[in-house]
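Residue numbers (our numbering), protein chains in the order written: chain A, 1 to 152; chain B, 1 to 134.
A portion of the hints provided could be inaccurate.
[Stated by the list, open to error] Dumping the calculated BS3-like pairs for lysine-lysine here, alpha-carbon to alpha-carbon at most 30 Å:
id	chain 1	residue 1	chain 2	residue 2
1	A	Lys97	B	Lys122
2	A	Lys122	B	Lys110
3	A	Lys138	A	Lys150
4	B	Lys98	B	Lys122
5	A	Lys143	A	Lys122
6	A	Lys97	B	Lys110
7	B	Lys110	A	Lys67
8	B	Lys98	A	Lys97
9	A	Lys138	A	Lys122
10	B	Lys110	B	Lys122
11	A	Lys122	A	Lys145
12	A	Lys128	A	Lys67
13	A	Lys152	A	Lys138
14	A	Lys143	A	Lys128
15	B	Lys110	A	Lys128
[Claimed, not checked] Quick partial rundown of chain A residues pointing at chain B, CB under 10 Å, derived from the structure:
id	residue
16	Ala54
17	Val57
18	Ala58
19	Thr103
20	Lys128
Don't read these hints as lab results, they were simulated from the structure.
Note that the Cβ used here is the ideal one computed from N, Cα and C, for glycine as well.
So you can see what is in the structure, the chains are spelled out below.
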Amino acid sequence: MFRMHRRGGWPFNDLERLQAQINDLFEDDLSYGATGLFDRSSSPRLDVVETDDALLVACDIPGVEAKDIELDIVNNVLSIRGEKRRPGGDDDKEKVKNYRRETWYGSFQRTLALPDSVDPDKVTAEMKNGVLSVQIAKREERKPKRIGIKVK
Amino acid sequence: MSNEVQTRDTSRDVDTRTSGEVERPRRRIYPAYEVWEGDDAIHLRLEMPGLERDGVDITVENNQLTITGSRPDWSVDGTVLIRERRAGDYYRVFTLDKTVDTDSIQAVMKDGVLELTLGLAKEAKPRRIQIKTS
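Work the whole structure out from these sequences, hints included.
Here's what the structure looks like:
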């Protein structure tokens with residue numbers, strides 16, 4: 001996970017860029033799900049954005065139906081699990097001639113440690129166009145408050 | 001193997017890689033795909049998460065099948081903690097051989113997956129020849 005370094009203010013900018021480019025080479029044409037050179041497991045890619053009221057998670061899982069996704073939060077760890085089924089069932093693949101396959105089928109899992117500021121009881125999730133969106137509300141007391149100061 | 005579709009990916013030829021110094025206007029995403037042959041059609045399935053049905057553009061010119069789609073940025077007002085998904089333009093080109101009947105291409109978009117059914121040309125289908133008795 002080189003991305004961590006990239007954001008961490010690593011001082012060697014040229015090296016950093018080279019590394020990013022090498023990772024891009026692998027990312028461009030290899031199957032989706034691989035997040036870098038050394039990560040080849042079926043862990044779908046995700047984005048996490050923190051807003052004032054909530055933590056938003058978006059996860060790419062094309063071809064997966066909502067009923068095949070299990071979502072839970074245990075000990076403040078969000079876990080996305082599921083099964084990506086081959087349309088038409090597994091039997092089909094014996095009958096057909098496969099020419100090329102970059103996609104994968106089977107189970108996937110991704111876990112995400114949540115910050116303390118979120119409330120695990122206030123979660124909504126939606127599946128749309130192959131993207132899973134999860135919204136976890138923040139605890140009321142942790143929301144940033146704006147305190148106006150009047151300058152005399 | 002007369003019905004084989006050439007799936008050489010020509011997108012590499014088109015996209016001349018720029019060096020790190022030049023800012024590329026918008027990223028190209030090469031969607032993962034699979035191709036297989038059924039009884040009388042070639043099936044092509046591409047994974048393009050985040051695309052609406054209307055966001056996909058499929059064109060056939062000469063024997064080139066081009067699939068493009070623009071994936072909108074996920075713009076939320078907040079602090080980005082993890083960014084692994086990429087915004088950009090989906091792009092993939094396939095070269096079809098003559099066994100594909102380009103007039104009979106059908107497309108279905110569901111759950112971020114585009115599935116194309118490419119019918120085989122009549123000449124490519126096995127034909128039974130009756131022998132006349134004189």
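Now the hints, each set against the structure:
Annotation: proposed proximity of Lys97/A to Lys122/B holds, straight-line Cα distance about 19 Å (limit 30 Å). Restraint check for Lys122/A and Lys110/B: satisfied, since their Cα atoms lie roughly 29 Å apart, inside the 30 Å limit. Proposed proximity of Lys138/A and Lys150/A is supported: the alpha carbons are some 28 Å apart, at most 30 Å. Between Lys98/B and Lys122/B the alpha-carbon distance is near 11 Å, which keeps this suggested pair within the 30 Å criterion.
Simply put, Lys143/A and Lys122/A have alpha-carbon atoms about 14 Å apart, close enough for the 30 Å limit, and the pair holds. As the CA atoms of Lys97/A and Lys110/B are separated by approximately 23 Å, the hinted pair is consistent with the 30 Å bound. Straight-line distance between C-alpha atoms of Lys110/B and Lys67/A comes to about 15 Å, which keeps the hinted pair within the 30 Å bound. Between the alpha carbons of Lys98/B and Lys97/A the distance comes to roughly 18 Å, so the proposed pair stays at or under 30 Å and holds.
For a cut-off of 30 Å, the pair hint linking Lys138/A to Lys122/A stands: about 8 Å separates their Cα positions. A threshold of 30 Å between alpha carbons decides the hint, and for Lys110/B with Lys122/B the separation of about 29 Å falls inside it, so the pair holds. Taken as a hint, the Lys122/A and Lys145/A pair is honoured in the structure, with Cα atoms around 20 Å apart against an allowance of 30 Å. Proposed proximity of Lys128/A and Lys67/A is supported: the alpha carbons are some 13 Å apart, at most 30 Å.
A threshold of 30 Å between alpha carbons decides the hint, and for Lys152/A with Lys138/A the separation of about 34 Å lies outside it, so the pair is violated. Restraint check: the Cα-Cα separation between Lys143/A and Lys128/A comes to about 28 Å, which is no more than 30 Å; the hinted pair holds. Restraint check for Lys110/B and Lys128/A: the C-alpha separation of about 9 Å stays at or below 30 Å, so the hint holds. Look at Ala54/A: its Cβ gets to within about 9 Å of chain B, closer than 10 Å, so that hint holds up.
Given hint, Val57/A at the interface with chain B, holds; its Cβ is 9 Å from that chain's nearest Cβ, closer than 10 Å. Proximity of Ala58/A to chain B holds as hinted, the smallest CB-CB distance being about 6 Å (cut-off 10 Å). The interface hint given for Thr103/A holds, since its Cβ lies 5 Å from the closest Cβ of chain B, which is under the 10 Å cut-off. Against a cut-off of 10 Å between C-beta atoms, the interface hint on Lys128/A holds, since the closest Cβ of chain B lies about 9 Å away.
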